[in-house]
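2 protein chains.
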Amino acid sequence: MATAPQCRAAFQHGVRRLLMANQLVGQANMAIAAELIEAGADFYCVVDSVENVDQLARYFSARGLRLQVLIELGMPGGRCGCRDTDEVMALAERIDSEQALVLAGLEGYEGVVHGDDPERSVRAYAWQLVEVAQGLERDALFEHPAPLLTASGSAWYDLIAGVFREARLGQQFVPVLRPGCYVVHDHGIYRQAQREVLARQPALQRGLKPALEVFAQVLSLPEPGLAIVGMGKRDIAHDQLPEPLRRYREGDERARPLSVEGWRVTKLMDQHAFVRLPAGDEAMGGGRVRVGDIVAFGASHPCLTFDKWRRLCLVDARLEVMEVMHTCF
Amino acid sequence: MATAPQCRAAFQHGVRRLLMANQLVGQANMAIAAELIEAGADFYCVVDSVENVDQLARYFSARGLRLQVLIELGMPGGRCGCRDTDEVMALAERIDSEQALVLAGLEGYEGVVHGDDPERSVRAYAWQLVEVAQGLERDALFEHPAPLLTASGSAWYDLIAGVFREARLGQQFVPVLRPGCYVVHDHGIYRQAQREVLARQPALQRGLKPALEVFAQVLSLPEPGLAIVGMGKRDIAHDQLPEPLRRYREGDERARPLSVEGWRVTKLMDQHAFVRLPAGDEAMGGGRVRVGDIVAFGASHPCLTFDKWRRLCLVDARLEVMEVMHTCF
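One line per chain: the protein sequences are A and B, in this order. Going by the working numbering, the first sequence opens with residue 1, and the numbers climb by one from there. Going by the working numbering, the second sequence opens with residue 1, and the numbers climb by one from there.
Since the hints were derived computationally from the structure, they do not count as laboratory data. Do not take every clue at face value.
No copy is singled out in the list; a pair is fine if it fits within one copy or between any two copies.
[What the hints assert, rightly or not] For lysine to any residue, the following SDA-like pairs were computed, each having C-alpha atoms within a straight-line distance of at most 25 Å:
id, residue 1, residue 2
1, Lys308, Asp158
2, Lys209, Ala199
3, Lys209, Tyr157
4, Lys209, His185
5, Lys267, Pro5
6, Lys209, Ala31
7, Lys209, Asp270
8, Lys308, Asp117
9, Lys209, Glu320
10, Lys267, Arg83
11, Lys267, Gly180
12, Lys267, Ile189
13, Lys209, Ala296
14, Lys308, Arg178
15, Lys308, Ala31
16, Lys267, Tyr248
I would like the entire structure built from these sequences, with the hints used as guidance.
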């Protein structure tokens, strides 16, 4: 998870071991973490500054609690995290001196690597994580019996896992990968990332299948070759423009999928999508498009689409609703 | 409003006269509108196609209801709407032949004008709306005693209002403007649009003041000149990058605002903002920035920020919470 409220929601739904791969900052967030720990959660967060370590030590010692923290190792020009080994070691000593804090591992995020050869940079970063963790272990700075070593977003998890395996990490550490996009996968950015994973790992037989779709109806066919659909930035993420997948004729009880070959979203406004249609209705198979046709779209990416909806429907292959799920964020 | 569920939410909160400035498409949406009408709402929606007119007539006559519709006049290359006067007149005849439909006005949206001289195009479009409405009136195609003539988003409402006034519309029609962004205003796109309104209308003494802010804390200061703040695309709209407004020291009971002069958001990830700080801490007035500092950001634009939150806090000048408001979408 990335925030204290997200951890609370997960705990309320039965997840007892919580890794917040982010800094725990602010009294309100610390209070949430403290309540989770008091309620029995095995809670971890990350630190990357003396200032934050001091704040956490003060708060958790006042509450009579011990907080498990992982040091974040970042990279120059990256996001959060200590910039080099010396910083990590100094911070570990500081944590060691604080009774309220338990150094329980090392954390990184390789999704912000730069450069022309990201594959090489990601592997180099993963090795750096391993070496820094081994240094901390050697200096007996971990207080946790099974320290965590964790990295990986949804694009490079195979490389991170590969380095962790090569390093035989499992003997000293608990390796934890953190790709999130697999939950429903994606029709854009992460589909491309997944293709690259498969290209790097020929032994993998199959990749993930995107499972999140947003349905909307054609509102207007105002000009040849243009459909306006009732779906906008308020309904779907727009890191990339949504991808038309299929359409259905409203009222068709068998929900037969009709083609959207050649359809292309060209613009997304708050409540409307502009869809360019191929020249000639014949080209579309499945009959002339009509006002009211229901179009399924793929989103990129899922997290920002979840934000838009308070309820998601789990459907079977015939689009029958099997379960209505409530989103928490 | 733009959708049937939005109209239902407004009605549930006491709004009885509902203009859905969008096509009413699909059985589920028509059912919502029918329920609103049965519950006493004065409900209007727009139409721009024979196909949709037929669908609506079939649905509402089967339910024994009459639906008030406005014809949408669009523009070539624009969004929804009839592309010319002939199309409007033909559609009005069709509506006239349907017992279940009441032609109650003419609708337009000038926010999609193109060209080098948008001011002139917007005024020309407003005049076209007036003339088409007068044509419909002349041919006795309005069935409503006080037909609506409506246009205007949040960027050009002064020009639309100006034309409606010059045309002395009030004698024949009920003119309705539809800017929405005034509700809380904006720190980006619409602030710029508002400046242009004030430049065009020197008689206006004051413009709108932005009233929506998102607060987040500094998580990390990993390199000189860089702050990572715990606010991302999951928390704030990103049509434009958020604007840092002020900061506060956590724990300062008087909530004294500290300067963020020279701060600039350079990148927004899902849960993090990258903020470039000016060289030298001295430049920041109000003291060195610290992990935990609370930063207020302005958003562009509000609708897409509302989406992100289930509750908004109404605060006074000292940031004391006066009311917690629940969002409906």
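Against the structure, the hints:
1. Lys308 with Asp158: neither (30 Å within a copy, 32 Å between copies)
2. Lys209 with Ala199: within (16 Å within a copy, 53 Å between copies)
3. Lys209 with Tyr157: within (17 Å within a copy, 46 Å between copies)
4. Lys209 with His185: within (6 Å within a copy, 41 Å between copies)
5. Lys267 with Pro5: Between copies only: 23 Å across, 34 Å inside.
6. Lys209 with Ala31: neither (39 Å within a copy, 34 Å between copies)
7. Lys209 with Asp270: between (28 Å within a copy, 22 Å between copies)
8. Lys308 with Asp117: neither (35 Å within a copy, 36 Å between copies)
9. Lys209 with Glu320: within (19 Å within a copy, 48 Å between copies)
10. Lys267 with Arg83: Answer is between; shortest inter-copy Cα gap is 19 Å, intra-copy 40 Å.
11. Lys267 with Gly180: So lysine 267 and glycine 180 pass the 25 Å test across copies only (21 Å; inside, 28 Å).
12. Lys267 with Ile189: So lysine 267 and isoleucine 189 pass the 25 Å test inside a copy (18 Å) and across (17 Å) alike.
13. Lys209 with Ala296: Answer is within: at 15 Å inside a copy they meet the 25 Å cutoff, but 40 Å across does not.
14. Lys308 with Arg178: both (23 Å within a copy, 24 Å between copies)
15. Lys308 with Ala31: between (28 Å within a copy, 23 Å between copies)
16. Lys267 with Tyr248: within (22 Å within a copy, 39 Å between copies)
Against the hints set out earlier in the document, violations occur for numbers 1, 6, 8.
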